[in-house]
Every structure is written in C-alpha cells, then in structure tokens.
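Peer 1: The chain contents come next:
Protein chains: 4
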Amino acid sequence: MTRHDQYNENVAGRANVEDTPELLAYYDDLKKKGAAALWTVANKIEPWEPRSQSVPMIWRYKDLREDVLRSVDLVTPEKAGRRVIYLDNPGRSDVAAAVGWIYAGLQVMHPGERASAHRHSASAIRFIMEGTGAYTVVDGHKMTLGANDFVLTPNGTWHEHAVASDGSPCIWQDGLDIPLVNALEANFYEVHPDLAQAVTHPVDDMTRTWGNAGLRPGTGAWSKGYSPMFKYEWAPTYEALSGLAETDGSPYDGILMHYMNPVTSGHVMGTLGASMQMLRPGERTRAHRHTGSFLYQVCKGSGHSVINGRRFDWTERDIFCVPSWAWHEHANASATEDACLFCLNDLPVMEKLGLYREEAFGDNGGHQPVHKP
Amino acid sequence: MTRHDQYNENVAGRANVEDTPELLAYYDDLKKKGAAALWTVANKIEPWEPRSQSVPMIWRYKDLREDVLRSVDLVTPEKAGRRVIYLDNPGRSDVAAAVGWIYAGLQVMHPGERASAHRHSASAIRFIMEGTGAYTVVDGHKMTLGANDFVLTPNGTWHEHAVASDGSPCIWQDGLDIPLVNALEANFYEVHPDLAQAVTHPVDDMTRTWGNAGLRPGTGAWSKGYSPMFKYEWAPTYEALSGLAETDGSPYDGILMHYMNPVTSGHVMGTLGASMQMLRPGERTRAHRHTGSFLYQVCKGSGHSVINGRRFDWTERDIFCVPSWAWHEHANASATEDACLFCLNDLPVMEKLGLYREEAFGDNGGHQPVHKP
Amino acid sequence: MTRHDQYNENVAGRANVEDTPELLAYYDDLKKKGAAALWTVANKIEPWEPRSQSVPMIWRYKDLREDVLRSVDLVTPEKAGRRVIYLDNPGRSDVAAAVGWIYAGLQVMHPGERASAHRHSASAIRFIMEGTGAYTVVDGHKMTLGANDFVLTPNGTWHEHAVASDGSPCIWQDGLDIPLVNALEANFYEVHPDLAQAVTHPVDDMTRTWGNAGLRPGTGAWSKGYSPMFKYEWAPTYEALSGLAETDGSPYDGILMHYMNPVTSGHVMGTLGASMQMLRPGERTRAHRHTGSFLYQVCKGSGHSVINGRRFDWTERDIFCVPSWAWHEHANASATEDACLFCLNDLPVMEKLGLYREEAFGDNGGHQPVHKP
Amino acid sequence: MTRHDQYNENVAGRANVEDTPELLAYYDDLKKKGAAALWTVANKIEPWEPRSQSVPMIWRYKDLREDVLRSVDLVTPEKAGRRVIYLDNPGRSDVAAAVGWIYAGLQVMHPGERASAHRHSASAIRFIMEGTGAYTVVDGHKMTLGANDFVLTPNGTWHEHAVASDGSPCIWQDGLDIPLVNALEANFYEVHPDLAQAVTHPVDDMTRTWGNAGLRPGTGAWSKGYSPMFKYEWAPTYEALSGLAETDGSPYDGILMHYMNPVTSGHVMGTLGASMQMLRPGERTRAHRHTGSFLYQVCKGSGHSVINGRRFDWTERDIFCVPSWAWHEHANASATEDACLFCLNDLPVMEKLGLYREEAFGDNGGHQPVHKP
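Chains as they are written, first to last, in full-length UniProt numbering: chain A, 1 to 373; chain B, 1 to 373; chain C, 1 to 373; chain D, 1 to 373.
One or more hints might be untrue.
Identical copies carry no separate label here, and so any pair may be met within one copy or between two of them.
Cross-link-like lysine-lysine pairs, in silico, DSS-like; alpha carbons within 27 Å at most [said to hold, decoys possible]:
id : residue 1 : residue 2
1  : K44       : K31
2  : K62       : K300
3  : K44       : K32
4  : K372      : K32
5  : K32       : K62
6  : K372      : K62
7  : K33       : K44
8  : K33       : K79
9  : K31       : K79
Since the hints were derived computationally from the structure, they do not count as laboratory data.
Since the model is a prediction, treat every value here as computed from it, not as a measurement.
Start from the sequences and build out the full structure, keeping to the hints where you can.
Peer 2: Here it is as structure tokens:
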C-alpha cells in the first residue's frame, strides 16, 4: 500500500499528517474523483528552496569530437534531419535537456552540405566551434560565421544551416529552448515547402544595419521579440571585454557582457540569453548562486569551476553546466593569458516571470569547500 | 533491447533513421558520455503541434463538496498546514496540477480559524465559492471577501487566510502556479516567524486606493510585478459585463473581461491571469483553440462546453479545464438568464515568452462534432 | 545706443563683460552675420531658477458669468466658430494663455445648439460648469455630460460639442494646449467636411468599455497616446476621494487623484494632465512649488490659496492659476464641508521632457508669509 | 482704436465676426476682467498648418571663423563665462535661438584653457569642428574629442569643457535646448562649488562600457533619461554609414543614422536628438517636410539644400537650419565623393508629445521650384 505521509515535516506551518486507515480510505475516495489531499504532497511541492533535477557536469570536447565527426559516416543529413549529438544530462533525459529546460547539441556539417529549412516555436542559437565556411539563412538573411561567432534563429523564423563548398568541416553547438517550449505545450514545427529558402538580402545586412554602437538606422523599425542583429561576432566581443579588463568587473564573473537586442538592450531572444565573460590572468571568482540554468562553453584558455562543491577542470571547447541555485565559482588556470567563457541561459524566462534570485557565498572568503571526488 | 527508431517519420526534413547494430553500439557509447543522437528523439521533441499532457475534465461541486467539508473532521489546520483537496488531473499527477502547470484546490475553513502566514515564489489567487466572513491578509493589508470575489497573494508576499468568528464555514478555490515555479526550479518557501502578521493598513485600503476607474492616487507609486489592487469583487465585475451585454463581444467567449493590474493594464500577476466572462441568454460560442492552460469555475448559471469533441455539462461552482491547444466552445443552457465563468490561466507566461497562438475552428459553422460518450 | 551688458553678474562662472567701443563694434559686426556674443545674454537665458511670465491670478465666476451669457446675444455660433470668452493672463496675452502654455475659455451653448466638427493637433478637455443636456462627439463616440464631468477631445480627433434640445443653457470650461502646440510650430487645423459627424457607437460606450476598475475588455486593444476613456464623471471621482478621506493624503494637496489613461495609468492625454483633489473640513495644506503650469477650478466648497505670498479667496466655479515654480498652498474655509478643486496641468510635458522638479517650503511651519494687498 | 477682426476668415467653421461699437465695448469690458473673446483670435491661434517663426538660413564658416577666433582677444573665459558666438536667427532673436527652440553657438578654446564647471536643466551637445586636445568632463567622466566627434552634457549633469595644454586651438559647435527649457519655465542653473570637478573614472570609460554593438555590461544598470554613451565618435559612425551605402536608404535623406541611447535605442537625450547622414556621390534627395526644428552642420564634402524654395550652397563646417514644416531637399555636389551632414534636432520633443507629422513633396518629381534670389 502506498504511503501518503512520506513528506511529513515536524515544523510549524508545514504538513505533518500521519496515515490512518480512515485517511487512506479517504485518499482512495478522492482519487476516484480526480482529487487528492494537499497535505500529502504539500511539503514536496513547496520545497524550502529549489532543488534542481539537473546534474552539474562537463562534456569534454576531446571525448565527444570523434563521435560527432563519426556521425557523418553513420547517417546522412537527409535521413537524420540534422546530424547532431546532443548533451543528455542524466537528470533531464526525459526531456532531452543539457541543463534545466535548455537543449544543446553538437552538429557537424561538411563543405557543400545544407540542412533543410524549417521553423518552430523554439528559439535557437548556433555557436561555431571549428571550421570555416559555415553560414546560416534566417528569414532570407544570410550570415557568414567563424569560430566563436554565433547566430540567432529565433522563434518562428525560417532557418537553415550550411557550409560553403570551399569551406572546411564545421562543428558547432546548437542551443535551444525546445524542452521549455514542449513543457509549456506550445511547440509548432514546419518544414519549409521548398526545403530551402532564397537569400533575399545582402549578406550580413542585419549586422551591418543594427550592429553599430550608438547608432540606429533612419529607415526601418523593429518591434519583434528578438534581436534584429542576427549574428554576433567574436572579434568585437573580445575587443569589448579587453577594453574593460582594467575595470573592477564582477566578483562572481570577472568581466562579463550580455549579448543584447540593440533595440531594447534586453536579451537576444525572448526565452534565451547569452553572455561572454573574461577571466583575467590569474583571476579566481567568488562563489554565488542564482535561479536559472546556465550552459557554458570554453572559448579561450583553460581553468576550472567549482559547482556545488565539485571541481570541474576545463579547456577550450569543453562545455559544462550550472543548474539552478547551484553554487559556482570560476578560476583561470593561467597567470598570463585570459580565459573566455560563452554562456547560454534562460535568464529572460527567470526575469520576465519574476523568478530571478541570487545569493553570495559568505563563508571561507567566498569559496566553497571542494569535495574529494 | 531498447528501440531507438520508434519516432521515425517518413517525411522530408524529419528524422527517419532505422536502428542497425552499428548504430545501437554507437548510441550505447554516446550514452556513457552523457550524450545521445538527436535523430533518435528529434520527431518526439519537435512535434508538429502541441499535444497537451492534461486531460480535459470537469470536477463537479456536488461530488466534491462533501469531501471538502469532511476534511474539517479529519485533519486540523495545524497538522495539515492548509486543509485543501486539490484537483488532480490524471495527466498531471506527477506535478499535482489541475491543468498544464496550474495547481488548484478547494479549501475549507470554519469561523474563527486562521491559517499560518507564509510566503513563497509561487503566485496565488483565492476565489470564494461559499460562506461569509472570509478574509485574507497580504503584506499587512486585510481584504474581506464574499462569494465570487477573489484575492491575490502574489509571488513573495506574506499572506494568510482566515474566517471571522462571526462568519460561516467558507469554501474557496485556491489557484497557484506552484507546478510551473517548481518546474523552473525557482520555488522558495518561508513560514512567517510569528505564524501570523499584523494588519498594518485600513481594511480594504488597496482596493480603495487602486480600484477606481480612471483614477490614480496622487501619493504612492507602484512598480511591483503584480497588481496593487489585491482584491477584485464580484458586484462591479458583473455590472461591467452587464454594461457590455449589448455589444458584439467575442464569437468565442461572449462578453469577456480580463482582470487587470490597474497600473499597467496587464495581467493581475506575473504568471497568472484571470478573466470573467458572460454567456448571454441563449448564447452559444464558436470553437477555437490556443496555447495556454485554462481552469474555469462556473459562477452563475448552467450550460455546457465542448472540449476536443467531448461535451461537459456544468452548473454553478463546477470547475473544468481546457488544456493547451484544445478546441473549445461554450453554451449557456438558459434562454433567459446569463451564465458567468471565471477563468484562471497562464496567459502571462504565454504572452511574455512569445508563445501565444490561436486558431478558429472553421468547419461546421464553427462547432465541433461531439463524440458519443 | 543699445547696452549689451545689462545682464552682467559679478559671480564666478557667470558673464560679466562690460561694453567697450571695440566690443560694441564687434557686436554690430556679428549681428550682420546672424550671430551674437553669448556673454551678452548668457545670464538672461540661463537664469538661476525659473521666473514665470504668468501672473498668479483668479477669475471669479460671479464676474464673468454674465459676460459669458451675454455672448449668446452678441454673436452666433456660425459667425464665432465657438462662442467662448477666454482667460487672458496679462503675462501671456501674446499667446492667449491663462497660465504658461495652457489656454482656457468659458463657452456657453443653448439647448439645440451644436458647434461645427473639427480637429486639430492641440489636445482639449471640456469641463462642465452648469446646465444639463451637454454632450460631445469624439470620433463617432457620443458622451453625455453633467456638472463636474469632463470629456477629452485629444490631438487629432474629430470632435464637436452640443446641448440637447431638452437641456438647459450650459456653460463649461475649455482647456487646451493651443499655445504650446503653436509654440512648437506643430498645429494643424481641419474643419470636418460635413461640419458634423455621425454617432457610430452606442452612447457612452468608451466609458462603459474602459471605465471599469481592474477590468480590461477581452476584445479591442488601445495603443493611442491618449486615454480611451473619453469621459470622466464626477460621481465616482467624488466617491473615490471620499473613500480615501481618512488616509494621510499629501501635506501639500490633501487627497488628490490624477485622472488617468486606464491602459497605461499615465496622464489622460499626451500633453495635458488633470486631477481632482479634496481639501477635508478644516484642512490647510503646506506650501511647495514645482515646475509646470496649473489651472484650478473650484468644484465644491470655498476657501483660499496663497500663491507666491498673495492670498486668493475662492468659491465654487472660480478659476485660478499657479504658474511654474510659484509657491502655493490651499485652505478649506469650512470646518464641516469638504472642498474640491479640479486642476488642469501640463505635467505630461514636464515629466516626459525630464523637467519636473519640486521643493517644499521649509520655514514658518510650511506656510508663506502673506503680503498685504 | 485697435481692430479685433483682422484675423477673420470667410470659411464655414472659422471665426468671422466684424467689429461693431457694441462688440468693441464688450471687448474692453472683458479685458478689464482678464478675459477676451476667442473669436477675435481663434483663426490666429488655430492656424491651418504651422508657420515657423524661424527663417531658413545658412551660417558660413568662412564668414564666422575669424570672428570666433577674435573673441579670444576680446574677452577672457573668466569674464565671459564661455567664449561663444551664437547663431541668432532673425526670427528668433527674442529667445536667442538658431532655429525653433534650439540654441547653437561656436566656442573657441586655446590649449590649457578650461571653462568653469556648471550644470543646468538644459541639455547640450558639443560637436568638434577643428583642433586637437579637446576634452569634456561629465559627472566625473572625462571624454577626449576629435573633429566630428560629439559629447553629451545632459540635463542636470555637472560638466566642463577644456583643451589639453599640448593640443591646438579648438572650435566646436555647442547645441542646447535652452530656449525650450526657458519657454517651459523649468531652467535651473548652478555653478560647481569648486568651479571644476575631479575626474573620477578612467578616461572614456562610458564609451568603452556602453559603446559596444550588441553588448551590455554585466555590471551596472542605467535608467536615466539620457544615453550613458556620453561620446559618439566620427570614425565608427562614418564606417557604419559606408557599410550601408549600397542599401536604398531614404529618398529624402540618403543614408541616415540616428545617434541613439544604447539602453533604449531612443534619442541620445530627452529633448535633443542627433543624426549623421551621408549623401552618396551624385545623390540628390527628394523634398519633404515635417514638424520639428533641424540644425545641420556639414562634416564632409559640399553641395546644396533647397529649403522652402530657396537654394543654400554649403561646404564643410557650414551650418544651416530647416524650420518646422519647411520643405527641404539636399544634393551632393560631387560625383565621386560622399558628403556628410550632422544634424541636431528636437525630434524627441515632437515624438514624445505626439506632434510629429511629415509629408512628401509630390509634384515635379519630388523637387521644389527654386526661387530666383
């Protein structure tokens, strides 16, 4: 017989009702009517603080790269739809998420290949890890992409990825809110009627139009829920971070900049945010925690992060996650070179729904004790 | 051995890769590395359109009322925390939701009883179904409540419910976004240090201050993410609906008004919206469907709704749900009296995240064929 | 010969250049080139604080009413356009303003009369002072009006005023931003091609739709720069003020509410704001001053205001003005009855342009010394 | 005897009342009571369309430069406050404006000179015309400035201008909304207690922090009514315009970009906007007109503009104005070089107050007939 008092807590204001035969009969009766007694689950569904189902973990590029490349021989893009190896957090396998409600995968494409065009309610980014010649078409706008650049394919936009025939094999990280949009039961999917779209604007026109600091085009307006600057490049981002290297920055994040929608200065898309941060030579940040799910990719350098008391060493192209409300801190391993971390997150969701909260780690100079493995 | 090709679709642009021994070995290898092949789940996680896990259903008050009253004898408020029978949608039992990510329960309280004060990241409403003398205290503001009134206890506010000692036994419907806030791993819970709060403002002051059409108080400002008009009363709502009864209204909803935050004219809280609608004598609406989850309570009259082809007859105090993307239409059974439906929903979430979509039912004069039971 | 050093100030950081023959020749030379030396006017155009050109004054209804009524015999509405006596502040005669950039006039209309329909870039209100049967049509919406009600005829809307044939002679106060819009060189004027518009909506529909506290219509949206609640009535306004009579209110204004656009909770129109305030029995407020121009009309009771040290006694229907940055305080003459003041102002302009500033009068318990007349 | 019927128009809906002895006596009587008859001025204060008081004109740099330099010998900065020759539009001499409500002056400063620090409610820009070593300090932030750069000194900020001792004599154009803020009776002025402020941040930090396309700093927020990017430089602006040279641009303005507040993408300050536009080799725009006042400075190249039918030829550093509702079109004189025009305007005021309107010139292929001089 199922127990119904396993969540009891002996604390004033919390449920603490022991099962009795009479109550168990009552519970059975309620069940038949599509109902149940709150006090049997209240302490479970009203936890004192968030306990993420996601496991803090790292995916090392040296482990996965060969598998990703091997997929080229195993499946065709036509059969696979997209040739992607996705990051499958053990705590989130049921929803195919890397962390929280964020999906991520590594996709490989050879020169001359082009995925079929489609659109969906999920929002996506594509962050280039290696290779040349990658490009993406979004609603008729073509963007060329190099390493550490990323492109938006927002909610509802037709999009397709490709590699130019004079390029080299490309690997990139896809990041989407598919799990969230599924959970919210709002995902729609369409294959483009022609399986491909025409490029109807000059190459990189959206970045040329909207990617000028302090300048807004005199013609054209933009009121969609995502950034019109579809592509964000590495070179000016790194230059911007370097230009701030001598400022204090954040004790928890070093020098961090959020990629933004230039029209609103808000996040790049309605459900996904992104940032790039620099850990200066020798920099070790202090620990804090906050709500929201965070997926990091190492763009430059090496170092380690401590997440809920476990140490994860990382180097270029590794990917690791910080689940909601997990303590975390970062350290650059080099005393002479900076390290850079790209981060994909669901901060727009947390902020819009009024659920963002953060807290600093006070003890021990701001550093977590590290568990022995 | 687990199959990995059960989601295959033979459609251009969709995954369609058959299992082979080589691939199965590959999948095993990926699994060890915390990874998996997207094409094995792509068609599952990218559905053509939303398929809600919630079951359309109705909870009839005549079935539940006795059970609710009986809880008074079975458990004390001290032991139970709150004495609530919650609505347990069979498709959402794992998260204790009535529909989608919305929790709802029926709570009973006797004159002179007072629940302990607490606060949480979840947002809540309390909609009075029967009884007199109910009141709620929110951050020191006391609101008195009668039938069909409701009160907000927003995200982060200290709150407690009670019934005055000269009142009668009260039953109300609680509605919360607990399942959503848990899913987003952002729920915090605190019991008030004194288990009760002082009333520090004149009774009903927030409605007197903010509940005046077209008038804003000269002193005081409000920038919180929820309405300062904590209580919404039935009488002026019914009067407003009646005043519009001769306008066209909506073909899908009759005369519908959204309860709003008077400062922004947006929804009453950051994650939950509410509306009241009137079906005029003899009115039968046409079917449409949209994203978002909706929980109705019948405040006045009787009639029926058709949800995804099933007919649900309802009368006063019954509660029924419309899951995301389910076709639905309503009909008033009376040719002489109007019928009124209160509705709690997650429209703020859908709208803020850019996920709201709707569609009219085109065939058959806008009316669904009804399945035989 | 014109002096150019009359604004000199002997203060560090201020211009203090004495005329010399050489300089005067230089100034002459500049003048020919459409130029001049800043230091000759700097102290004039950069005053230490605002000095309003408007004179604080009162227009007593007992003095003006007969003149207003007499206009009926003197001119026809056809010849006059509108039969209005306007308030001509001696400091603002050049722009026909009552105070600052606000125009105001008293208009009279007999039963059965109807002014021709027109529209302009200026925004207007019409505040009823006496009579029955007045109504206004705004973009096809007809509003009926009684004493102390007011109606908006915003920037760009077709509008016309009339009195029903079964009404009585009506007098109302017009208030417009004509002087401002002229000064900004942005005023356009059109006579309606038919000289009258059809009423195309149910009477008072905009107030029935948008004038419900805490309720937003489910159909219809509103994004124009002015309130969709075209009419604001006296009865609910007075009731709202009375409901707050026991709160502290403002030390400078008693119980004051701003009329608001229910969609934004901002001011009723883009350039004009309005408020109603109650001075409780025996209430005497403290003095303060702020930028912006304010035109009061006494709706109920009697009392006095002290403006820049001059006392102005007022009774029902009197109109008085408070110029920008003028000290002012109010007192109710009655120990048993409340007094109510309607106020038309340009706060939207001050606030949008970042020019609002206020200051309390600190000395003498917050009360100005009153000059002997 | 003053006539009161000089504005009569014989048009239905307009005032058309002839003076009679009885009416003149009536007008006299009203005047004594601080009132007047609207119909005597209605047609004047409600014009059919705006008629600007400003005269379209050009200030040629070759005419003014010597005078500006000469001021160095004529007055000291200490005596003059600021050594500025201002542009005195003959139609706006009473308010010391160059056009509409915009003040502009040419200021000269020698190496090692530093103006005293002050602040005021007026907002200002400083646009560098020639010289090296210019810098400005705004609320403790120091900005270095070269030709065609400009800096903001917004409403309420402490600011001071200077030229480094190793620089060269500098001339720049000041642009302020002093006339507007005076007209709105909201101008306050303060001299800094020390006559100079300390530089409390790294040089150019605000541009380094906020002047990165598509990037928002992770620390620090900004909610003031003006741009945190205090300095806008010529080089990236010209690069941005060049990058769009092959797009269509605007038929009226060629390639035009508005300088923007990166936080809101709105105008740089609350009352003043600025733009830079490129006329491509051989480009001749079509005529249009709009409300608002516009002051142009030629940054590069030569050409001409036709304003209300008059042709104004311009070359580098010339300044010309386009009054409200004046027809205007521009032409680049060169078939091989582009020409660039900086423009200071009051668009924020027009837009916020709902007064912006524009109209294309339809006849003659969009080009005005040019009057013989």
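Peer 1: State for each hint whether it applies.
Peer 2: Structure-based check of all given hints:
1. K44 x K31: Only inside one copy: K44 and K31 sit 18 Å apart there, 30 Å across copies, limit 27 Å.
2. K62 x K300: within (15 Å within a copy, 54 Å between copies)
3. K44 x K32: within (22 Å within a copy, 31 Å between copies)
4. K372 x K32: between (49 Å within a copy, 22 Å between copies)
5. K32 x K62: between (54 Å within a copy, 14 Å between copies)
6. K372 x K62: Classified as within: same-chain Cα gap 24 Å, cross-chain 59 Å, threshold 27 Å.
7. K33 x K44: within (22 Å within a copy, 32 Å between copies)
8. K33 x K79: This pair counts as between: shortest inter-copy Cα distance 24 Å, intra-copy 46 Å.
9. K31 x K79: Intra 45 Å, inter 21 Å, cutoff 27 Å: inter-copy only.
When the structure is compared with the earlier hints, no violation turns up for any of them.
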